[in-house]
Amino acid sequence: DAEITQSPRHKITETGRQVTLACHQTWNHNNMFWYRQDLGHGLRLIHYSYGVQDTNKGEVSDGYSVSRSNTEDLPLTLESAASSQTSVYFCASSDTLNSPLHFGNGTRLTVT
Amino acid sequence: AQSVAQPEDQVNVAEGNPLTVKCTYSVSGNPYLFWYVQYPNRGLQFLLKYITGDNLVKGSYGFEAEFNKSQTSFHLKKPSALVSDSALYFCAVIRAGAGSYQLTFGKGTKLSVIP
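If you're matching them up, the sequences are chains A and B in order. Residue 28 in my numbering is what sits at position 28 of the first sequence, and the numbering runs on without skipping anything. Here my numbering runs 1000 ahead of the position in the second sequence, where the first position is 1.
These are computed hints drawn from the structure, not numbers from a lab. C-beta atoms are modelled at their ideal positions from N, C-alpha and C, and glycine is treated no differently. Hints should not be assumed to be uniformly reliable.
From chain A, some residues computed to sit far from chain B (all C-beta separations above 12 Å) [unchecked claim]:
1. ASP1
2. SER49
3. GLN53
4. SER65
5. SER94
6. ASN105
7. GLY106
In silico SDA-like links for lysine to any residue, alpha-carbon gap of 25 Å or less [claimed, not checked]:
8. B:LYS1069 x B:VAL1083
9. A:LYS57 x B:LYS1110
10. B:LYS1022 x A:LYS11
11. B:LYS1069 x A:PRO100
12. B:LYS1049 x A:ASN28
13. B:LYS1110 x B:GLY1053
14. B:LYS1107 x A:ASN28
15. A:LYS57 x B:GLU1066
16. B:LYS1049 x A:SER99
17. A:LYS11 x B:GLN1038
18. B:LYS1069 x A:LEU97
19. B:LYS1110 x B:LEU1048
20. A:LYS57 x B:LYS1069
21. B:LYS1049 x A:THR86
22. B:LYS1049 x A:VAL111
23. B:LYS1107 x A:GLY40
24. B:LYS1058 x A:ASP95
25. B:LYS1110 x B:SER1028
26. B:LYS1069 x B:PRO1018
27. B:LYS1107 x A:GLN18
28. B:LYS1049 x A:HIS41
29. B:LYS1069 x A:SER99
30. B:LYS1107 x A:ALA2
31. B:LYS1110 x A:GLY16
32. B:LYS1107 x A:VAL52
33. B:LYS1049 x A:LYS11
34. B:LYS1058 x A:THR86
35. B:LYS1110 x A:VAL88
36. B:LYS1049 x A:ASN105
37. B:LYS1077 x B:VAL1027
38. A:LYS11 x A:VAL88
39. B:LYS1049 x A:THR96
40. B:LYS1110 x A:ASN28
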């Protein structure tokens, strides 16, 4: 079965370090998304991609970057981790505008 | 701009009773509306969607939702709640024809079904 996997599931890092969270999907979807989930805020969009070599900023993109070198992967990089980036991060993919999103199981990131 | 409001942070219902989780939206133009469910330590799972057509939409696990354009609402319902329905529920909206895939989520409603 097709799936979307995130790694690691848990990560603890120090302020100022660069961190990369992996996202890999086997749905063959062109559209991929990164969200963060925080209590009281729901899910907020960080970055998204409509295909290879395409990336776009979402609502809360400051301090984050993504790259899309193939269809399957959209890694999320925190250039210099900050305590405000402690959160649960979800990757998702979709086929078309009105298709459901398929989510990974998330990465819990703690920045100390 | 588009937005979603889930006015209740938590809903408690007794097992076997009907449940409703409320959602109202704001979007310029016609909406595409979605409900997702999240179980502990898992990603969100799709429940149902409204794109066009019949205002009553049926989805997974016996859930349904009614699109009401005049009240800009899309409430999630189930006739008889199960303990296993206890989870976090998210409503989401995107403007039809937006040319963008930026789905806007509500803040979520925690549903607790009491045995």
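Status of the hints after comparison with the structure:
1. ASP1: holds (14 Å)
2. SER49: violated (10 Å)
3. GLN53: GLN53 (chain A) clear of chain B: closest Cβ-Cβ about 17 Å, beyond 12 Å.
4. SER65: holds (18 Å)
5. SER94: violated (7 Å)
6. ASN105: violated (5 Å)
7. GLY106: Check fails; 6 Å does not lie beyond 12 Å.
8. B:LYS1069 x B:VAL1083: violated (31 Å)
9. A:LYS57 x B:LYS1110: violated (29 Å)
10. B:LYS1022 x A:LYS11: Violated, because 35 Å separates the two Cα atoms, which is more than 25 Å.
11. B:LYS1069 x A:PRO100: Cα-Cα ~21 Å, so holds.
12. B:LYS1049 x A:ASN28: holds (22 Å)
13. B:LYS1110 x B:GLY1053: Distance ~29 Å between LYS1110 (chain B) and GLY1053 (chain B) Cα, so the pair is violated.
14. B:LYS1107 x A:ASN28: This hinted pair is violated, its Cα atoms lying about 29 Å apart.
15. A:LYS57 x B:GLU1066: The hint is violated at about 33 Å.
16. B:LYS1049 x A:SER99: holds (9 Å)
17. A:LYS11 x B:GLN1038: The hint holds at about 21 Å.
18. B:LYS1069 x A:LEU97: holds (20 Å)
19. B:LYS1110 x B:LEU1048: The given pair, whose Cα atoms are some 18 Å apart, holds under the 25 Å limit.
20. A:LYS57 x B:LYS1069: violated (31 Å)
21. B:LYS1049 x A:THR86: violated (31 Å)
22. B:LYS1049 x A:VAL111: At roughly 36 Å apart (the allowed maximum being 25 Å), VAL111 (chain A) and LYS1049 (chain B) break the hint.
23. B:LYS1107 x A:GLY40: Status holds; Cα separation ~6 Å.
24. B:LYS1058 x A:ASP95: holds (21 Å)
25. B:LYS1110 x B:SER1028: Between LYS1110 (chain B) and SER1028 (chain B) the Cα gap is close to 28 Å, so the pair fails against 25 Å, i.e. violated.
26. B:LYS1069 x B:PRO1018: holds (23 Å)
27. B:LYS1107 x A:GLN18: Violated, because 29 Å separates the two Cα atoms, which is more than 25 Å.
28. B:LYS1049 x A:HIS41: Given pair LYS1049 (chain B), HIS41 (chain A) holds - Cα atoms ~22 Å apart, limit 25 Å.
29. B:LYS1069 x A:SER99: holds (21 Å)
30. B:LYS1107 x A:ALA2: Violated, at about 28 Å.
31. B:LYS1110 x A:GLY16: violated (34 Å)
32. B:LYS1107 x A:VAL52: violated (31 Å)
33. B:LYS1049 x A:LYS11: violated (34 Å)
34. B:LYS1058 x A:THR86: Not satisfied, since the Cα-Cα distance of roughly 37 Å exceeds 25 Å.
35. B:LYS1110 x A:VAL88: Holds, because 17 Å separates the two Cα atoms, which is no more than 25 Å.
36. B:LYS1049 x A:ASN105: holds (21 Å)
37. B:LYS1077 x B:VAL1027: Distance of about 22 Å is within 25 Å: holds.
38. A:LYS11 x A:VAL88: Holds - the C-alpha atoms of VAL88 (chain A) and LYS11 (chain A) are around 10 Å apart, at most 25 Å.
39. B:LYS1049 x A:THR96: OK: LYS1049 (chain B) and THR96 (chain A) at ~13 Å, within 25 Å.
40. B:LYS1110 x A:ASN28: Between LYS1110 (chain B) and ASN28 (chain A) the Cα gap is close to 32 Å, so the pair fails against 25 Å, i.e. violated.
Going through the hint list in order, the structure does not satisfy hints 2, 5, 6, 7, 8, 9, 10, 13, 14, 15, 20, 21, 22, 25, 27, 30, 31, 32, 33, 34 and 40.
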